[in-house]
Amino acid sequence: GAGVSQSPSNKVTEKGKDVELRCDPISGHTALYWYRQSLGQGLEFLIYFQGNSAPDKSGLPSDRFSAERTGGSVSTLTIQRTQQEDSAVYLCASSPTGTSVVDTQYFGPGTRLTVL
Amino acid sequence: KQEVTQIPAALSVPEGENLVLNCSFTDSAIYNLQWFRQDPGKGLTSLLLIQSSQREQTSGRLNASLDKSSGRSTLYIAASQPGDSATYLCAVGGSTLGRLYFGRGTQLTVWP
Chain F
1 GAGVSQSPSN
11 KVTEKGKDVE
21 LRCDPISGHT
31 ALYWYRQSLG
41 QGLEFLIYFQ
51 GNSAPDKSGL
61 PSDRFSAERT
71 GGSVSTLTIQ
81 RTQQEDSAVY
91 LCASSPTGTS
101 VVDTQYFGPG
111 TRLTVL
Chain W
1 KQEVTQIPAA
11 LSVPEGENLV
21 LNCSFTDSAI
31 YNLQWFRQDP
41 GKGLTSLLLI
51 QSSQREQTSG
61 RLNASLDKSS
71 GRSTLYIAAS
81 QPGDSATYLC
91 AVGGSTLGRL
101 YFGRGTQLTV
111 WP
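So the sequences go chain by chain: F and W.
Numbering follows our numbering, with no gaps: position 51 of the first sequence is 51.
Numbering follows our numbering, with no gaps: position 63 of the second sequence is 63.
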């Protein structure tokens, strides 16, 4: 079946602009996660959705970052007034329940964001 | 805060060698540990998941062990092949379900 998809695959923007990144999880997966991977850094957790609710958004680095999920499916990560330090690969993952110790997270290919 | 460390950062070996990749974590209150593979420009692929109550998991040429009390896991790759070349990431699930904490990875190159 179809895996996790993300769009766009690449995004180049100017400092100060707003950007929206989209994630389509695997159909039927209840849990959805956003991470980012900066050059030379490990994956950094941003936010976790259980259905349309976000029980853990403690990883969002500033109030310029927000995310929503609608219909228990598609999620959008929005970054307002982008800064150069926001440049990174943004990865989305989904898992069947988010409430099981045997839940595996399935990752999308990522969106590479470059802020000039 | 959970910290995950992977050693070595990079490894280059000839085909056919048996390999051990190491992962350590600072907080033993985890619910599982996962090993992922990341190919350049692509997302992550799950290789093995070990529940906190388990000691090891095997899949084909891969074997992962977990010693929760000492905060360590190893990924053993038998008879390495050039197709195994990738970055291997270790991730632990924290005390509550949801987020994973990742190490920075081991970049593996297997040459023919």
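In case anyone wonders, no lab produced these hints; they're calculated from the structure.
Just so we're clear, the structure is a prediction, and the values are computed from it rather than from any experiment.
Worth double-checking, as some hints may not be accurate.
[Stated by the list, open to error] Chain F stretches covered by chain W per the calculated footprint, using a threshold of three residues with CB under 8 Å from any CB of chain W:
(1) 14-26
(2) 55-64
(3) 99-109
Virtual Cβ for every residue (Gly too), placed ideally from N, Cα, C.
Hints and how they fare:
1. Coverage of the region 14-26 of chain F by chain W is violated [criterion: at least 3 residues with CB-CB distance below 8 Å; count 0].
2. Coverage of the region 55-64 of chain F by chain W holds. Counting CB-CB distances below 8 Å, 3 residues qualify, and the rule asks for three or more.
3. Counting residues of the region 99-109 of chain F whose CB lies closer than 8 Å to any CB of chain W gives 11, so the stated coverage by that chain holds, three being the minimum.
Comparing the model with each numbered hint stated earlier shows that hint 1 is the single one that does not hold.
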